[in-house]
Structure formats: C-alpha cells, structure tokens
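Asker: Sequence:
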Amino acid sequence: MGFKCSVCNYNNLFEPPYSKSGNGSYEICPCCGFQFGYRDFPDKEEGIKKWRENWIDRGCPWYSKRRLPPDGWDPRKQIEGI
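Just so we're aligned: the sequence shown equals residues 0 to 81 in numbering that gives the first Met the number 0.
The hints are simulated quantities; they were obtained by calculation from the structure and are not laboratory data. Worth double-checking, as some hints may not be accurate.
Taking CB as the label site, the calculated pair distances span [to be verified]: (1) G80 with P60: 14 to 22 Å; (2) P69 with P41: 28 to 36 Å; (3) D42 with G71: 33 to 41 Å; (4) P15 with P68: 29 to 37 Å; (5) D56 with K19: 28 to 36 Å; (6) S20 with R75: 32 to 40 Å; (7) D70 with K19: 29 to 37 Å.
DSS-like, lysine-lysine: derived pairs with alpha carbons at most 25 Å apart [claimed, not checked]: (8) K48 with K64; (9) K48 with K3; (10) K76 with K3; (11) K19 with K76.
Note that the structure is a prediction, hence the values are computed from the model and not measured. Don't be surprised by glycine CBs; every beta carbon is placed ideally from N, CA and C.
The whole structure should be built from the sequences, with the hints applied where relevant.
Answerer: So, in structure tokens, the structure goes:
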C-alpha cells in the first residue's frame, strides 16, 4: 500500500500527493490521471473537485497504460471513501 490520491481515493501512489508545506509531488495518479502540483493550480480544492467530477462523469476510466488496475478493481467502491 502506498499513498492515497485525494481525487479518486486510489491508495497506491508512490509518494505523498503533497508535501508538508502543501507543494504538489507532480506524480500522476495511474487511476484518474490527476497530476498533483499541476492540475490543482491555482486552487487546489477546486482543481481536485472539478477533476473528480469529470472523471466520474466519464465513467471512472483507468488512466495509465503502463500500470494496470489492481485485480478486482471497482472504481465505484473505491470512491465511496471520499
């Protein structure tokens, strides 16, 4: 288990999305495609909210072509914890 995406609740990021000072890691979530420190500028909360809404509206597609979803991945169950 890694770090959790604040957009889609995916829990296997390689590093924390944000540093203690609030700076984004620039990691791209393999699940929803959100890039911390880029897609959330200038308003972190609004950027996360809009990206999540768009991702859900598109049917919660898995983003990464290289990192595959975990076995039995259920995006609807994953977002219940948000």
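Asker: State for each hint whether it applies.
Answerer: Going down the list of hints, with the structure as the test:
no. : hint                     : result
1   : G80 with P60: 14 to 22 Å : holds (19 Å)
2   : P69 with P41: 28 to 36 Å : holds (33 Å)
3   : D42 with G71: 33 to 41 Å : holds (35 Å)
4   : P15 with P68: 29 to 37 Å : violated (21 Å)
5   : D56 with K19: 28 to 36 Å : holds (33 Å)
6   : S20 with R75: 32 to 40 Å : holds (34 Å)
7   : D70 with K19: 29 to 37 Å : holds (34 Å)
8   : K48 with K64             : holds (24 Å)
9   : K48 with K3              : holds (16 Å)
10  : K76 with K3              : holds (15 Å)
11  : K19 with K76             : violated (29 Å)
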